[in-house]
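For reference, the chains in residue letters:
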Amino acid sequence: MPEAVIEVEALGKTYRTSVKQPGFRGTLRHYFRRQYREIEAVRSVSFRIARGEVVGFLGANGAGKTTTLKMLTGLVHPTSGRARVAGHEPFRREREFLERITLVMGNKQQLLWDLPALETLRINAAIYRLDEATAQARIAELSELLEIQDKLREPVRKLSLGERMKCELLAALLHRPEVLFLDEPTLGLDVNAQDSIRGFLREYNRRHRATIVLTSHYMADITALCERVLLIHRGALIYDGELRGILERFAPYREVELTLDAGVADEVLERFGEVASRKGRTTRLIVRREDVTRTLQQLLRELPVSDLAIKDPPIEQIVGRLFREGSLGEEGSAEPRTP
Amino acid sequence: MRRTLRLLRLFWGTSIAAEMEYRSNFLMSAFTSIGGLVGAVFGLHLFYRGGILLGGWRWEEALMVLGWFTVLTGVSRTLLTANLGRIVDHVQRGTLDFVLLKPVDAQFWLSTRRLSPWGIPDLVFGLGLVLWAGVKRGVSLVDVLVALVPLAGSVVTLYSLWFILATTTIWYVKIYNVTEVLNSLLEAGRFPVTAFPAGLYRFVFTFVVPVAFLTTLPAEVLLGRGRLTLIAFGLGLALALFVASRAFFRFALRYYTSASS
Chain Y
1 MPEAVIEVEA LGKTYRTSVK QPGFRGTLRH YFRRQYREIE AVRSVSFRIA RGEVVGFLGA
61 NGAGKTTTLK MLTGLVHPTS GRARVAGHEP FRREREFLER ITLVMGNKQQ LLWDLPALET
121 LRINAAIYRL DEATAQARIA ELSELLEIQD KLREPVRKLS LGERMKCELL AALLHRPEVL
181 FLDEPTLGLD VNAQDSIRGF LREYNRRHRA TIVLTSHYMA DITALCERVL LIHRGALIYD
241 GELRGILERF APYREVELTL DAGVADEVLE RFGEVASRKG RTTRLIVRRE DVTRTLQQLL
301 RELPVSDLAI KDPPIEQIVG RLFREGSLGE EGSAEPRTP
Chain S
1 MRRTLRLLRL FWGTSIAAEM EYRSNFLMSA FTSIGGLVGA VFGLHLFYRG GILLGGWRWE
61 EALMVLGWFT VLTGVSRTLL TANLGRIVDH VQRGTLDFVL LKPVDAQFWL STRRLSPWGI
121 PDLVFGLGLV LWAGVKRGVS LVDVLVALVP LAGSVVTLYS LWFILATTTI WYVKIYNVTE
181 VLNSLLEAGR FPVTAFPAGL YRFVFTFVVP VAFLTTLPAE VLLGRGRLTL IAFGLGLALA
241 LFVASRAFFR FALRYYTSAS S
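Protein chains in written order, with my numbering: chain Y, 1 to 339; chain S, 1 to 261.
Each statement offered as a hint is correct.
EDC-like, lysine to aspartate or glutamate: derived pairs with alpha carbons at most 16 Å apart: (1) Y/158 / S/21; (2) S/102 / Y/94; (3) S/102 / Y/99; (4) Y/311 / Y/257; (5) Y/108 / S/89; (6) S/102 / Y/178; (7) Y/158 / Y/114; (8) Y/311 / Y/255; (9) S/102 / Y/96; (10) Y/20 / Y/38.
Hints listed in this document are in silico derivations from the structure and should not be mistaken for laboratory results.
The shape of chain Y in the complex, shown without the other chains (with noise of 0.2 Å):
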């Protein structure tokens, strides 16, 4: 096993937040007398990462990846296990241990609203204890990666959505930190600009071995960077593995193309198996794996099938299946939707 960079140990974490019932008796109720849940964000959550490793945290909203990220940067107390990131433990927050860790929020934004970003990344370089020269040859380092020499002179205000990001992860890496965590970094960013800051982490990660844990909505952005996936799904890591091998585990289905001699009915289709996408005479079905025999030799000889391909669905359709449904069969599979 290669050094590793972070080792988390059964981490847990509950909330305990209050419930309130709808309307005003329950506001009333919710005042006087309130009642309160616990509820289990992260349950016992353990795996290593190494140096230099990058690592894409999956799951749906309200899955728990924001909250583990959060307690492995010190920001959010664990409740249960243990974490170690960088040799020190994340929540005693050591100056050694801050120093040598960034997090950037796709939704939330340090830099100074007013001001030009340069000054932002003047105090930052001050509190990071860097001298004018360090400073200067990494900002302009970063900034020559992500193609924002000219902007750091103008106000935050009047940059656009995607140049704003670039200048926050500027920010969030001028002390040059061993380990990133990026929580949504392309959120709400157009194409272009994504593939940018893909580009950029891909460069950074290869340049100073930087360890990088990202969780992302944009599969495009765990495709392009990720070789290892975690899957966290109600608080609990159920995948650990290659983006691949997702595959494997939670798509019992395939994905059957049928070409039709004839216009057939979404109804007759749909007998077969979930009609993904329908264009001219060319359907995509999709197939339980186990019913994927029985399934063919049903369409072949029910309707008039000119040509026929199975393949593996899409990845980013496994996944954006899990995130919707927000469920997971009893063997730990994804669902497809049954005829």
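Use these hints to put chain S onto chain Y, whose structure you have.
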């Protein structure tokens, strides 16, 4: 220490630069400050014209208390409101995350990050009033300098109470800005504490919200009637509250859940 000073210079430099984007604000705040002060002096004058001595304090002496009160208002406008008032915001919007991620003392950052120049008129006019009243009462410059010691204690006391209150937002995220409550209670500091009826009031303003130590004590010191025990107690109180604010903040962070995204 050098790093701290460098940080403060950067913090305040950028704050002033940001505030200066809105130029007419300075005039407005000078105007508000003068207006407020004139109103307060007039209100006080109403008592004295009728021959009432507030708590046995003479006209110029009462003005000194009002002067220190204005100075404290100035301090709270330049530093306390600008910083501590934003803690609620930081917690609500989750930007406290960025503060906690920096290898710098989080309380230091939260308390000094901003400087608002709009409190400066209060500082100037408040000090002017103290000096004017002081000259009338034949107070020397040395006395004024000595009086700055209990005043520093007042600032620390006020800061610590305010910071502790602001820290509670980590639990009660959605409750409106709790620090406003403190602000209204402090209004009592306009008058010498002995002007309030003995008993409950005076007890509250001495021990619960130590308004007595905030403005009355510096004025007494200036008049040469400050008792050493009281000064020592005031400074001790400031120190104790400061230590408590640090401990409380560290305790509260264990419960910080960070606004979810």
